[in-house]
Amino acid sequence: MPGKLKVKIVAGRHLPVMDRASDLTDAFVEVKFGNTTFKTDVYLKSLNPQWNSEWFKFEVDDEDLQDEPLQITVLDHDTYSANDAIGKVYIDIDPLLYSEAATVISGWFPIYDTIHGIRGEINVVVKVDLFNDLNRFRQSSCGVKFFCTTSIPKCYRAVIIHGFVEELVVNEDPEYQWIDRIRTPRASNEARQRLISLMSGELQRKIGLKVLEMRGNAVVGYLQCFDLEGESGLVVRAIGTACTLDKLSSPAAFLPACNSPSKEMKEIPFNEDPNPNTHSSGPSTPLKNQTYSFSPSKSYSRQSSSSDTDLSLTPKTGMGSGSAGKEGGPFKALLRQQTQSALEQREFPFFTLTAFPPGFLVHVGGVVSARSVKLLDRIHNPDEPETRDAWWAEIRQEIKSHAKALGCHAVVGYSESTSICEEVCILSASGTAAVLNPRFLQDGTMEGCLEQRLEENLPAGCGFCHIPYDELNMPFPAHLTYCCNCRKQKVPDVLFTTIDLPTDAIVIGKGCLIQARLCRLKKKAQAEANATAISNLLPFMEYEVHTQLMNKLKLKGMNALFGLRIQITVGENMLMGLASATGVYLAALPTPGGIQIAGKTPNDGSYEQHISHMQKKINDTIAKNKELYEINPPEIAEEIIGSPIPEPRQRSRLLRSQSESSDEVMELDLSHGKKDAFVLEIDDTDAMEDVHSLLTDVPPPSGFYSCNTEIMPGINNWTSEIQMFTSVRVIRLSSLNLTNQALNKNFNDLCENLLKSLYFKLRSMIPCCLCHVNFTVSLPEDELIQVTVTAVAITFDKNQALQTTKPHVEKSLQRASTDNEELLQFPLELCSDSLPSHPFPPAKEHLESASSNSGIPAAQRAVTVEKASPMGEGNFRNRSAPPCANSTVGVVKMTPLSFIPGAKITKYLGIINMFFIRETTSLREEGGVSGFLHAFIAEVFAMVRAHVAALGGNAVVSYIMKQCVFMENPNKNQAQCLINVSGDAVIFVRESELEVVSAQQPTANCQPLCTGGEVTT
Amino acid sequence: MTSELDIFVGNTTLIDEDVYRLWLDGYSVSDAVALRVRSGILEQTGATAAVLQSDTMDHYRTFHMLERLLHAPPKLLHQLIFQIPPSRQALLIERYYAFDEAFVREVLGKKLSKGTKKDLDDISTKTGITLKSCRRQFDNFKRVFKVVEEMRGSLVDNIQQHFLLSDRLARDYAAIVFFANNRFETGKKKLQYLSFGDFAFCAELMIQNWTLGAIGEAPTDPDSQVDDMDVDLDKEFLQDLKELKVLVADKDLLDLHKSLVCTALRGKLSVFSEMEANFKNLSRGLVNVAAKLTHNKDVRDLFVDLVEKFVEPCRSDHWPLNDVRLFLNQYSASVHSLDGFRHPTLWDRYMGTLRGCLLRLYHD
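If you're matching them up, the sequences are chains B and A in order.
For the first sequence, position 199 (counting from the first letter as 1) is numbered 199 according to my numbering, and the numbering increases by one without interruption.
All you need for my numbering is the position in the second sequence, starting with 1, plus 1017.
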């Protein structure tokens, strides 16, 4: 009996009128956990009842504590008929189960009804007494912390990054049970909400167990998704990266941070961690000895990739749900043997992280991806997870083998997704093949690590670009040059990755959002034929998406993509591909060549003229873009390095394959050997379209930038003004006999118009950058295309941006963390001086750039002066307590980023993972589909904020809307929507003090800091 | 390709002040888009009409959802659905409850009933304010009226507390509620020259001095709100006003009053002779107004009477405002020197307020 859950129902407010006669409500509350239910008294005739209940106590197992949500139902008492439900509140009590998170949940929660939406609020207090014998604690997974953030959370230090954890649970979807025919929509929705809540809890607990077996204490980059498979079931799956985290609480841990919280904020991120990446992966491979393995007999789930025979020696493990418990025993024995070359031995050396401690990432090979088409109605045992486990295992093997082919032993920025249409399901996985620092795999002392890092950083900020594979034995045709930065190593001419821009990367100019959009019609077909048709289309789509990305990148005058995410969506009669990434110019890579247009038609005067006209337009656009994004790389004397007109070959960093039901594997050679990527032949209309679409992409209006990564390269002076938003658009395609071109145009217009609308709506925030722009495409019906965008707009300080851009370029080469413009204001001596004397400045600097707050550089510097330089900071740290922020009560910020500009995250309160269903049978009355969804999304935000506030938090970071499934039936006046969101609840402290200082002296800060630095050395 | 659904939801609710104004003014989405286009916003921002349309729709939807909350502003503060910074909340409320001068002049003093609501069509045509906007303003008046009508305590405070309006706007609403409750006639042709501000000024004076609340506001016990009703005139006081009749009924008293005033003002007024000639008429007018206030009907005609009996005669003789002031001051003060008059306090309570009102009403 390891826990006692205590709940107190305090009061309600703004309840709906349930009794028309009196215009009042006789409300009472049912509190349910597991199978136990308590009730409050009926509070007669009030819309603002004061129950002030006793403490309801539930004595429960920790397993239940983790799985079950607390369910609070508000009802209207009715003497003569059945009591009417007003609405419910589900509270995930998981945050109360680990010591460092919240200790109490207390606050006003919106009372939610799946038919009526929010109906008033209820004030609830929840506490958990864990009977804390630590042994027990250990054996359940109660203590494991979960973070959605895909980097090491700000107030923690990674002791060990263990690696990949995954889990998957399956259940029957209540919506497809026989009982659904006789129960009300409300009952059905609530059954579904409850089930998903339960499954999420179970999933998290199971993943927690795996983490404990790996000797970790946390999961970072936790991504949970659900697949609505329909008849075959409801799948909830999750992946994450197991870590051992240390809370940075002692002054030592906080060392680089000074007593000013804002400072700490900037510095806390992982980079400051002295030995953050002791990647002692040995203990982290518990998977080997796992006995569980799935049966690979099903025809459509066979091993698909031929190249990974070596890998498949490793038994598939860790996949079966519930299998985890078996591994405890032999684990320790293995642990000793595996301390070396641990990464190689790991079954899946995958990391869901997208940002890393400095030095962790040695080389980046490129994007690896794998897709597979499956038929859901062929699952033999739909209620069991084996089949899906096998599917994913297969895909992961492919990913692993692709990474190997790129000479990499690990995959970072790894993610998985599905797209389902009827019985067809496309499983996708992608990541970035990478070589991780082997030295980080051993435990090093702080100093050792540090030294090593400094040394590592000597080829400043270009190391990760150097090719990891063998030059003579390249996995694909590529054009290599010597690194433009260090001139020692070879680099490719373009680099595609799924990760965030490394903080030490040297970038010239600013970045921008680059999207490739594509539609392909497909015949309606059934089952096998359908799957085959899709499988056949996929390689072409990938190829075209890739070509578009490449062309657009060239058009921007850039040479690398970060945060690449390619989404392929399947519908009844079409496939959609949407790729988003942030383009940048990496100083290490050669200057990209232009785009040349060629026509095959033999000399025809007007035609030639047309071509040259197009060519001119393209050249103009490139020139304009270079100016717009401030890409003016230093002239490289040795022109030999990269010929301005590129070698006529397409180099692909994208290695991908499809495995489909027919069990074929397609290794797609994107280069096709012959075609020049940058020579566009415009003989057929398709190509003309391509050229046109290239030129029709309008740049954002002046004052706007956009990217889909955490931060925008080249902008660091964020202010604290942020606005997170979700925008949804659905278009109906007019005719059924559409052509591919018309479809493409529609889709392209949809995305472009959506972006234009965003720019217009957010114009008051100029100068501003849309960060973490996340597009999701779905095809809810035959002729409907739905695009959902979530992003955050952050205002930055224009003046400072202008000031800093200039020195940036010249100095960047000399510095480890050059892309940080703020730092460039520091005299260089300071940096070089302080480096040896103080171990942490580089890290700190990274952080500044990483968490990038704004306007504050000045402030920060000013403060630093007071506190006497970085070295002094540590000593001074305790002198004054961080001034507690003037948090405006009740405001909860939400952001998809892992940080809050202008503030410091002081505490992580736990993961927020919420699932809601909303349904209406009076669509017109609620303002049509737009009114319905608008209200619902606003309600979802409200419920997320309320839960965060009740945990004592004031922000959600790494917020993501993972699903927004919208279905309508206007004829019946009905609509239904499912939304799944998650994020990390945090407490942040704003540095108002610092802002004041910065406002006062925006520029005159270099001087003082400089002296400060000298004092230190 | 048609847009089926198009929404934008921010964690902080975006409020566009210009669009809010258009919405409050009752324009349809298409009219609002047209007006925005005309404002030149497309050129400034490089946006397209489609973008503007989508943006306007979004804002209208948001306002529509907010409207329910704006009906009870404290709800807007406590609700959780829309995260709006306090300054914006205040702006939303203030603008929502703001009204058009032209509109308020039409309904001021009218019963806020269904009947009046039916006349909104005509008011809309007459004033050029959209019917939608007229309805909103009318409903605002009515809502505020309903909430505070039975309440004890200061009218302005009550309004401020329940509707979170700025001090100025709360005062205006107090005037509207006060006028609606007492049904003062303000629509007569001879009253057309008066602005809402003139009436609001008078209302404030009357609330301060002539209501039940006026008694409760004794300086010694400002918190006592036991009988503090600001909405209704103090019936007892109105009854007592009959006693003032003696001032014009008693011929000696009237002559004495006149001579006192004339002596004091001789040589000081540019219209002395006119004043001297008219004194008895004016005095009769003012005192009779007081004596009649026991009847509801006459209370309603208070402003008509004041204008007829005092403002118009003076205006026809071209009294300068300063002379009116001197006269009224002397006229009020001299009463204290009348030996036979036994209600100086009553007189001051009546005349103090009336003097203020008359001076405000005396203009072209």
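Just so you know, these hints were derived from the structure itself, not from any lab.
Every residue, glycine too, gets a C-beta built ideally from N, C-alpha and C.
Watch out, some of these pointers could steer you wrong.
Covered stretches of chain A (in silico footprint by chain B; criterion: 3 or more residues with CB under 8 Å from a CB of chain B, positions within the stretch not fixed) [stated by the list, open to error]:
#1 1027-1034
#2 1077-1091
#3 1097-1111
#4 1179-1186
Here are a few chain A residues that sit away from chain B, every Cβ distance over 10 Å (derived from the structure) [as the list claims (entries may be wrong)]:
#5 ALA1067
#6 ARG1200
#7 GLN1347
From chain A, some residues computed to sit far from chain B (all C-beta separations above 10 Å) [to be verified]:
#8 ALA1051
#9 ASN1198
#10 LEU1363
Cross-check of the supplied hints:
1. 1027-1034: holds (count 5)
2. 1077-1091: holds (count 4)
3. 1097-1111: holds (count 6)
4. 1179-1186: violated (count 0)
5. ALA1067: With a cut-off of 10 Å, ALA1067 of chain A comes too close to chain B, as the shortest Cβ separation is near 7 Å.
6. ARG1200: ARG1200 of chain A clear of chain B: closest Cβ-Cβ about 29 Å, beyond 10 Å.
7. GLN1347: holds (57 Å)
8. ALA1051: It holds; ALA1051 of chain A is separated from chain B by about 17 Å at its closest Cβ, greater than 10 Å.
9. ASN1198: The assertion about ASN1198 of chain A holds, with a minimum of 24 Å to chain B.
10. LEU1363: Consistent with the label, LEU1363 of chain A stays out of reach of chain B, its closest Cβ about 45 Å off (over 10 Å).
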